[in-house]
Every structure is written in structure tokens, then in C-alpha cells.
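Chemist: Residue numbers (the working numbering), protein chains in the order written: chain A, 119 to 603; chain B, 3 to 484.
Take these hints with a grain of salt, some might be off.
[To be verified] For lysine to any residue, the following SDA-like pairs were computed, each having C-alpha atoms within a straight-line distance of at most 20 Å:
hint, chain 1, residue 1, chain 2, residue 2
1, A, K411, A, Q394
2, B, K144, A, L455
3, A, K460, B, Y90
4, B, K144, B, V82
5, B, K144, A, L458
6, A, K453, B, S143
7, A, K453, B, P91
8, B, K144, A, R448
None of these hints come from the bench; they were simulated from the model.
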Amino acid sequence: MHTQSIAELSAGLKAKKFSSRELTAHYLKRIESFDKQLNSYITVTAEQALAQADAADARLAQGQGGALTGIPLAQKDIFCTTGVRTSCASKMLDSFIAPYDATIVSKLHDEAGMVMLGKCNMDEFAMGSSTETSWYGPTANPWDVTRVPGGSSGGSVAAVAAGLAPAATASDTGGSIRQPAALTNLTGIKPTYGRVSRYGMIAFASSLDQAGVVARSAEDAAYVLQAMSGFDPRDSTSIERPVDDLLAGLNGSIKGLKIGLPTEYFAKGMSAGVQQRVAEAIEVFKKLGAEVKEISLPNSPLSVPTYYVVAPAEASSNLARFDGVRYGHRAQDVKNLEELYKRSRGEGFGAEVQRRIMIGTYVLSHGYYDAYYLQAQKLRKLIYEDFKRAFAEVDLVLGPTATDVAFKLGEKSDDPVAMYLNDIYTIAANLAGIPAMSLSCGFVDGLPVGLQLMGNYFSEARLLNAAHQYQQVTDFHKQMPKAFV
Amino acid sequence: MSYDSKTWEVVIGLEVHCQLLTQTKIFSGAATAYGAAPNTQADAVTLGLPGVLPVLNKTALEYAVKFGLAVDAQIAQRCVFARKHYFYPDLPKGYQISQYELPIVHHGHLDIEIDGGVKRIGITRAHLEEDAGKSLHEGYSKQTGIDLNRAGTPLIEIVSEPDIRSAAEAVAYLKKLHQLVVYLGVCDGNMQEGSFRCDANVSVRRRGETKFGTRTETKNVNSFRYVEKAIEFEIERQIDVIESGGKVVQETRLFNPDSGETRSMRSKEDANDYRYFPDPDLLPVVVTTADIERIRATMPELPQAKKERFIAQYGLPAYDAGVLTGEQALAEYYEAVVATSNGDAKTCANWVITDLLGALNKLGKDISASPISAARLAGLIARIADKTISGKIAKEVFEAMLAGEGDADTIIKAKGLVQITDESAIVKAIEDVMAKNPQQVADYRGGKDKLFGFFVGQAMKATQGKANPDALNRLLKEKLAG
Chain A
119 MHTQSIAELS
129 AGLKAKKFSS
139 RELTAHYLKR
149 IESFDKQLNS
159 YITVTAEQAL
169 AQADAADARL
179 AQGQGGALTG
189 IPLAQKDIFC
199 TTGVRTSCAS
209 KMLDSFIAPY
219 DATIVSKLHD
229 EAGMVMLGKC
239 NMDEFAMGSS
249 TETSWYGPTA
259 NPWDVTRVPG
269 GSSGGSVAAV
279 AAGLAPAATA
289 SDTGGSIRQP
299 AALTNLTGIK
309 PTYGRVSRYG
319 MIAFASSLDQ
329 AGVVARSAED
339 AAYVLQAMSG
349 FDPRDSTSIE
359 RPVDDLLAGL
369 NGSIKGLKIG
379 LPTEYFAKGM
389 SAGVQQRVAE
399 AIEVFKKLGA
409 EVKEISLPNS
419 PLSVPTYYVV
429 APAEASSNLA
439 RFDGVRYGHR
449 AQDVKNLEEL
459 YKRSRGEGFG
469 AEVQRRIMIG
479 TYVLSHGYYD
489 AYYLQAQKLR
499 KLIYEDFKRA
509 FAEVDLVLGP
519 TATDVAFKLG
529 EKSDDPVAMY
539 LNDIYTIAAN
549 LAGIPAMSLS
559 CGFVDGLPVG
569 LQLMGNYFSE
579 ARLLNAAHQY
589 QQVTDFHKQM
599 PKAFV
Chain B
3 MSYDSKTWEV
13 VIGLEVHCQL
23 LTQTKIFSGA
33 ATAYGAAPNT
43 QADAVTLGLP
53 GVLPVLNKTA
63 LEYAVKFGLA
73 VDAQIAQRCV
83 FARKHYFYPD
93 LPKGYQISQY
103 ELPIVHHGHL
113 DIEIDGGVKR
123 IGITRAHLEE
133 DAGKSLHEGY
143 SKQTGIDLNR
153 AGTPLIEIVS
163 EPDIRSAAEA
173 VAYLKKLHQL
183 VVYLGVCDGN
193 MQEGSFRCDA
203 NVSVRRRGET
213 KFGTRTETKN
223 VNSFRYVEKA
233 IEFEIERQID
243 VIESGGKVVQ
253 ETRLFNPDSG
263 ETRSMRSKED
273 ANDYRYFPDP
283 DLLPVVVTTA
293 DIERIRATMP
303 ELPQAKKERF
313 IAQYGLPAYD
323 AGVLTGEQAL
333 AEYYEAVVAT
343 SNGDAKTCAN
353 WVITDLLGAL
363 NKLGKDISAS
373 PISAARLAGL
383 IARIADKTIS
393 GKIAKEVFEA
403 MLAGEGDADT
413 IIKAKGLVQI
423 TDESAIVKAI
433 EDVMAKNPQQ
443 VADYRGGKDK
453 LFGFFVGQAM
463 KATQGKANPD
473 ALNRLLKEKL
483 AG
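Please construct the entire structure, taking both the sequences and the accompanying hints into account.
Modeler: Okay, here's the thing in C-alpha cells:
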């Protein structure tokens with residue numbers, strides 16, 4: 119069952135070939151068998167999952183329920199889930215049980231009727247590109263368990279890649295959906311900023327954070343993203359605009375689709391293997407009738423430095439609430455208030471989180487704000503204008519998702535800057551707020567390579583259509599890591 | 003004021019925190035009512051739980067715009083919420099959502115009356131922000147209680163220009179501001195509950211100096227009298243420091259109402275770096291001209307305009323008009339009395355100001371809790387106007403109304419107080435008085451005019467005060483003339 123697409127699983131449930139309880143139990147069993155090797159889940163909610171499955175079966179038996187009713191799903195542990203620990207992979211929130219559901223959680227489980235298998239591992243507070251900063255230990259890449267699955271949504275991708283969930287939610291602040299999807303042979307999409315509600319998603323960098331999905335195909339991703347999207351009055355940055363039908367257009371031809379290849383993305387930095395696979399993918403798109411042309415995103419080299427001012431600045435502010443006073447980790451035997459703060463935060467946050475809080479605090483400080491934060495906002499506008507010009511010429515922008523295939527666990531964990539450069543191709547989409555996705559375009563030495571597609575605002579349907587058409591003539595996405603078949 | 007104002011000039015700027023009278027908090031649907039059990043009005047947003055987001059309460063924004071219009075200020079077409087960071091247990095998110103570079107209201111002013119003249123005090127800005135919670139130290143041993151009911155209550159912080167030159171001006175400004183926000187219905191003005199509280203920035207300089215002296219900020223003073231005392235204390239303290247060769251230190255101070263003194267709380271060096279930046283969870287707020295006009299249409303008549311209208315429409319002296327428009331409820335009461343009494347406006351004003359306010363003052367009651375309704379007071383004045391009773395008898399009726407004995411007509415009837423207008427009855431009373439006091443009649447006729455009052459008194463007494471005073475005067479003169 120775990121090799122089937124969401125459409126197939128949905129049809130199987132409707133045809134009573136299997137029940138949601140059977141399907142859910144199948145995934146729970148696989149989690150039990152395989153997750154010791156991967157550490158993709160922080161919390162498995164077996165009992166709750168089976169209860170949700172039974173409720174779904176009851177609805178299905180009455181001929182009710184939609185396409186996703188009864189289909190299991192894993193949640194990244196950044197989304198608040200009532201009665202279930204929501205840790206953000208931090209010691210700080212190890213004891214935090216959310217008293218409310220994130221909007222996407224109620225949309226996917228209460229409205230769409232999906233079954234939550236559990237909460238997936240991630241980099242602590244989504245800060246990282248390897249899932250090694252998690253308080254719960256690193257997650258392994260199912261394609262090679264000595265390698266990282268990428269991050270921050272490493273638990274989500276490892277679970278889906280290994281067949282421990284049909285799909286998983288994820289979040290993307292600088293590439294946290296796309297880079298892990300690329301490193302694990304998945305399809306991951308970060309929609310337009312404001313398309314999916316952020317309410318109940320623990321904030322890292324509010325102006326960049328966007329929830330999305332990782333799945334085994336563009337079609338699977340479209341199903342889940344459709345159910346997650348929409349305006350939310352509880353999120354002032356969510357956009358009041360009808361959601362496009364993401365599934366209806368999947369099968370449309372992409373003949374005449376204009377695809378731009380940014381000179382800057384192909385200039386240097388990519389490994390030879392990645393370059394080769396991306397070049398092959400471009401040929402596939404040409405065969406599908408797309409028109410490919412070179413374009414320029416001249417300010418793209420500014421993305422990483424801009425991001426590493428804006429994101430830590432917002433993070434330092436967003437994480438100020440974790441003070442040990444109302445919830446979360448509280449240091450014991452403190453002498454005074456200042457010590458309560460210092461020790462609770464010092465003990466509760468890991469090194470990478472502390473590093474970013476310090477960078478962020480510095481760039482917002484009196485006398486430095488103009489030089490860093492304000493300047494970064496100006497650069498951000500330039501990056502946005504690059505895309506504006508590009509989308510006047512082309513429909514989609516294509517390039518690599520990551521510079522290379524998955525690296526070894528521990529290889530970059532002592533070198534923050536090398537780690538930050540993992541997101542060199544993905545950050546710009548967050549800074550501009552445009553939708554972007556990654557899909558598999560082959561392998562190098564048995565390790566997956568990701569292809570990135572970026573589109574104009576609200577072009578999720580077009581992105582998914584292009585990816586789906588590519589996946590109709592390729593079968594990379596159907597491959598599973600042998601150890602987890 | 004005991005300092006030498008010929009040598010020293012005082013410079014004061016005030017920051018007033020004014021809680022807005024909205025049903026719910028500025029960024030969440032939690033209730034704002036005062037006095038609920040601790041933390042019962044703290045929802046997920048108020049508690050700053052992970053993942054929650056703020057959504058602006060549109061009423062709070064409208065109230066801020068209303069205030070801005072009332073002080074002739076500029077309303078920003080685009081204003082921005084910013085985060086102000088500091089750690090404190092009653093600040094759940096580790097930052098307060100406020101406004102920094104682009105406040106909703108700026109460049110306004112308020113005219114105050116001082117020493118018989120009018121002085122204009124500039125209002126630099128008024129910005130929207132959320133209140134913090136409360137830390138409770140009493141009743142906890144080695145612990146602090148945190149009540150987050152107040153956290154997230156909408157505030158406007160109104161910042162004046164350093165245009166104020168004395169404690170008296172500061173109090174006049176605060177009273178005017180207080181009256182205004184209460185009139186507008188944007189604040190309940192309750193200073194004990196902290197709905198309207200003030201920080202005073204005070205500095206002194208020698209007359210002729212062009213540069214401001216170093217200022218201190220005295221925080222959270224919550225009564226007009228305390229503001230006056232705190233400022234006066236600060237003025238004298240700063241002058242003492244300078245005169246004894248020292249320098250005023252820029253610092254935040256606290257006022258102790260018991261001692262009437264201020265003391266240092268923290269120096270500038272210890273001040274927080276608030277690390278303001280635009281809140282990425284809230285989009286810039288756009289207020290269109292149409293929005294402003296819509297809000298303007300809902301504005302009540304403001305105190306100054308009402309006062310001017312009372313002078314023009316009712317022919318009242320400025321003093322009377324000022325008293326009557328001091329509170330909206332009082333102005334409404336007065337206008338209701340005038341409209342239904344048929345009495346002249348000045349008579350009505352006298353009754354309201356002297357008799358009614360005097361009585362309420364003794365009872366310690368507010369106009370809204372007056373035992374005599376406007377309709378009843380109007381009924382009383384109407385009986386004077388139609389000469390049913392005299393002004394003197396009316397005082398007796400008023401006392402009876404105050405005691406809850408019913409409306410004027412009921413009391414007049416029950417007590418038989420109807421004025422005697424039958425001239426033959428009055429003449430009879432006069433003749434009786436003259437018959438009983440032949441010596442006084444002789445003296446009067448001999449030139450002792452002062453005795454006229456004696457005869458009026460005696461005749462009134464004989465009629466139990468019910469004689470029509472005009473008729474009595476005229477008839478008495480005739481009779482005494484012989």
C-alpha cells in the first residue's frame with residue numbers, strides 16, 4: 119500500500135479494497151519497523167491515528183468524505199496539534215502540549231479527514247539544512263543512512279521517502295521544503311507567501327515562513343496543498359483570494375510554456391553530477407514543448423547575505439517568548455529573574471538557535487539597524503524586482519535545488535557558513551514570496567538530485583502542472599530507497 | 003511653587019497612556035473588562051503561545067483616528083506596527099506591539115486655559131499599542147503572580163511637545179485631554195484602574211538658555227494631584243541639584259504618593275535597547291480619506307465647540323458654559339432641562355450649577371446618578387416660570403425632590419405651596435402686618451426706608467412664603483405710602 123499514490127489510496131478506500139484503519143495500521147507498523155534507523159518521527163500518535171482512521175471509515179461507509187478522507191499524513195513538529203506535544207525539535211518545548219490546532223491541522227484532519235500518524239523531526243525551530251540541530255537527534259536519509267536528509271523538514275521527507283507516510287506537511291523559510299525534498303527524491307512545494315495560513319505554525323522568520331507539503335509526486339502534493347490552502351482571518355498576512363483548482367490543470371500540455379534559466383544559477387557552485395541531471399531535465403522539458411531561454415537574476419548573489427540578516431532578526435524576536443515563564447523549559451533553582459531568563463534560554467535552546475538569536479539581536483540593535491536590517495530590506499526589494507522582470511519574460515524559472523546530493527551526517531555541522539550555503543538556490547523565492555518547488559530529476563551515485571521550479575505569485579497550479587507533465591515522461595519519482603521497500 | 007521662576011524655566015512634556023474602551027483586545031478576541039479573576043481573559047494570543055498571530059481590532063484603530071481628529075492632528079494614511087523588545091514576566095511575547103516610526107496620529111494640538119488666557123500645547127504623536135499584564139507582588143512569598151488579563155488591552159500613547167511650562171499647565175493639559183477622551187467615548191477615563199495614566203518628562207534651565215536641560219521621566223502617575231506633586235517635586239529637586247553644583251542625571255523615576263517624592267528607578271545606561279522593527283505579522287495599516295470621513299461623521303460635539311455653542315445659543319457666561327460642558331452627561335442634562343422647562347436658560351444654568359451640582363457634591367454622586375432627573379428639575383423650573391411657586395418656595399420643593407418625595411407638582415400639591423396671586427389675600431396680609439406693627443409703619447413713613455425689608459419678611463411669613471413676590475412688593479409699597 120505504501121507504494122501507491124494518494125489517488126490510488128483514495129480509490130482503494132472508496133472501493134473498500136482496504137479500510138483507513140488497515141492503511142493506518144500498515145503505516146504505523148512500518149514506522150515501528152523502520153524508524154529506528156531513520157529517526158524521522160519525534161512523536162507517533164498511534165492511538166489517535168487509529169481513532170481518526172475509524173472516524174474516516176465511518177464517513178466513507180456512509181458515502182461521505184472527500185479525496186483525502188482516511189489517508190494518513192505526517193505533520194512536521196512545527197505545527198500546533200491539540201493534546202499532542204509540539205516541540206519544534208527543541209528542548210525548550212519538549213514538555214509543550216499545544217492547547218490548540220494550527221489552521222492547517224484543522225483543515226487537513228478535521229475538514230479533509232486525513233489521519234495524523236505523528237509529528238516529524240526537524241532542525242530545532244527550523245534552523246538548519248540537515249536536521250542535525252534537533253534536540254531529538256538527527257534524522258537519517260533513507261537513500262543512505264550515513265547521510266543527512268536535508269533540513270529543516272528532514273523528518274518529513276525521510277518519513278515520506280521511506281514509505282512511513284504517504285505525504286507530510288513541511289515548512290520553508292529559506293528552502294526547508296525544497297532542499298530536503300531534493301535530497302530524498304521527493305516532490306516538495308512551498309506556495310506563495312500568504313497562500314497557506316501560518317496560524318499555529320511556530321514562527322521562525324515570519325516574513326519568510328510558509329507552510330507546504332512534501333510528497334512522492336506533483337499530483338500527491340497537489341492533493342494535500344489544495345486542502346491546506348486558503349485565506350485565514352487569524353493570519354493577517356494570509357491573502358483573501360480564491361484557491362485555484364490545483365488538480366484540474368495537472369494534465370494540461372505545457373507546449374509553449376516559457377522556462378527561464380537564470381545565468382547566475384548555472385554559473386558555478388553546482389557539482390558536475392547535479393549539473394548533468396539538470397541539463398537532462400531541461401531537455402525533457404524541451405521535448406514536452408517548453409520554450410527554454412536564458413534569463414538573468416542579477417541580484418541573486420545577494421540572497422544568502424540578505425537572508426542571514428532578515429531571518430535571524432525576525433527569529434531573535436519570535437523566540438523572545440520562550441522565557442521559561444509561562445510554558446516550556448524552565449531552569450531550576452534560579453536566584454532571580456535575570457538568571458531565570460538566562461538559564462532557561464541557555465539550557466532550552468541549542469547552539470544554532472542561540473547563534474541566530476545573537477546575530478538577529480545584533481542586527482536589530484540601536485546603531486546597527488540601518489546598516490543591517492534596513493539595508494537587507496532594500497536588497498530584498500532588488501531580489502523581488504529581479505523576479506518581477508523575469509516573469510515578464512517567462513512563465514517559470516528553472517534551476518537546481520541544491521548544489522550537490524546529500525552530504526554525510528556530521529560533515530558540515532561544525533561549519534555554519536558551509537551549512538548556510540546549502541540554501542543558495544532556494545532562499546530567493548522566500549525573500550520574494552513567490553511559489554517554488556523541487557522535484558527529482560535523477561540520481562548521482564544512487565543519491566537523488568533535485569530540480570527547482572519557481573513561478574510567479576499564485577502560480578502553484580502552473581508549477582504543479584509542469585512538474586506533473588515531467589513526471590509523466592520520467593520515473594525518477596517512482597523510485598524508492600531499496601532498504602525501505 | 004516655591005522656586006524662583008524669574009531665574010528658572012521649567013520644560014515639561016507628557017506621555018499619556020489611555021486605554022481604549024473596546025470590548026476585545028487590540029490583537030485578539032479576548033475580553034478587556036476590568037476586574038475579572040486573574041488570567042481568565044487571556045486567550046492563546048494573549049498568552050503568546052507558540053504559533054499564534056495578531057489580528058488588528060478595527061475599533062481600536064477607529065478610536066485612535068477619532069482622537070486624532072479631535073486634536074486636529076494628521077492621520078497617517080499608512081501606519082506601521084513595530085515590535086518593542088524587552089524581557090519582563092508580564093510581557094508574554096518578549097516584545098510589545100507598538101508603533102514607532104509611523105504612528106497613526108501625528109502633529110496635533112490641544113488648547114488649554116491657563117491664567118485667564120489660552121495656550122496651545124502641541125501633540126507630537128499618538129500611537130496604538132498593546133498594554134502589558136500585571137505583576138502581583140503582594141501576597142506571594144518569594145514569588146510573583148502574573149495576571150495577563152490586561153495584556154493586549156488597546157492603548158493610545160499620546161505624546162505632547164515639550165510646550166508645558168509649569169505643573170499647573172501640566173494638570174490643565176491632562177484634565178483637558180481626559181475630558182476629551184471621555185467625551186469621545188474612546189476611554190472610560192478611570193484613573194484608579196489605570197485607564198488613563200501619565201509619564202512626566204521634566205527638565206529645568208536658567209531663563210535665557212536655548213538648550214533644554216537634562217530631563218527625567220517620572221513613570222505611571224495616576225491622578226491629577228499626583229502629577230502636580232511629582233512635577234513640583236522634580237522641579238525643586240533638579241534646581242537643588244544644579245544650584246549645589248551637580249548635574250541632573252537622565253533617568254527614569256518613580257513617584258511615591260505617600261511621601262510626595264520621586265526616586266530613581268533606572269538610569270539611561272541601564273535603559274533597554276528596544277530593537278524596534280516593523281512587525282512582520284501585521285501588514286501596514288492603510289487609512290483612506292473615505293475611512294477618515296466616515297469616522298469623522300461619528301464624532302460627537304467636542305467640549306470646546308459645545309462650550310462655544312452654549313455661550314452663543316443660551317447666552318450663558320463663559321464660566322457657566324464651561325462648567326456645564328465639563329462632562330458630556332452634564333451638558334446633556336442641562337440641555338434637557340432647558341428644552342422642557344420653558345424657563346430661561348440662565349435660570350436653568352443657575353439651578354443646575356448651584357443647586358443640583360452642590361447637592362450632588364454633598365452626596366458624592368455623579369450627574370449620571372442624580373436623584374433628580376432632568377425632567378423633574380425642568381418641572382420645578384416650569385412652576386417658577388408660570389408663577390405657581392416663587393423661587394424661594396422652589397428651594398423647598400427642590401429639597402423634597404432630592405429626598406425622593408416625587409415630582410414638583412406632587413410636592414407642591416402635597417405641601418400646599420401654590421403661590422398666592424389673589425391680590426385681595428395679599429392686601430389682607432399686608433394690612434394685618436401693618437396693624438400689628440404701628441411703630442414700624444410710623445418709622446417707615448418717617449423716612450426709615452430700610453424697614454421695607456422687614457415688612458416684606460413679615461408679610462411673607464404671614465402667607466407661609468406663598469405670596470407672589472412681585473405683587474407683594476408693589477402692594478406693600480402702595481399701602482405703606484398711605
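Chemist: Hint by hint, where does the structure go against what was stated? Just the numbers, ascending.
Modeler: Those not satisfied come down to hint 4.
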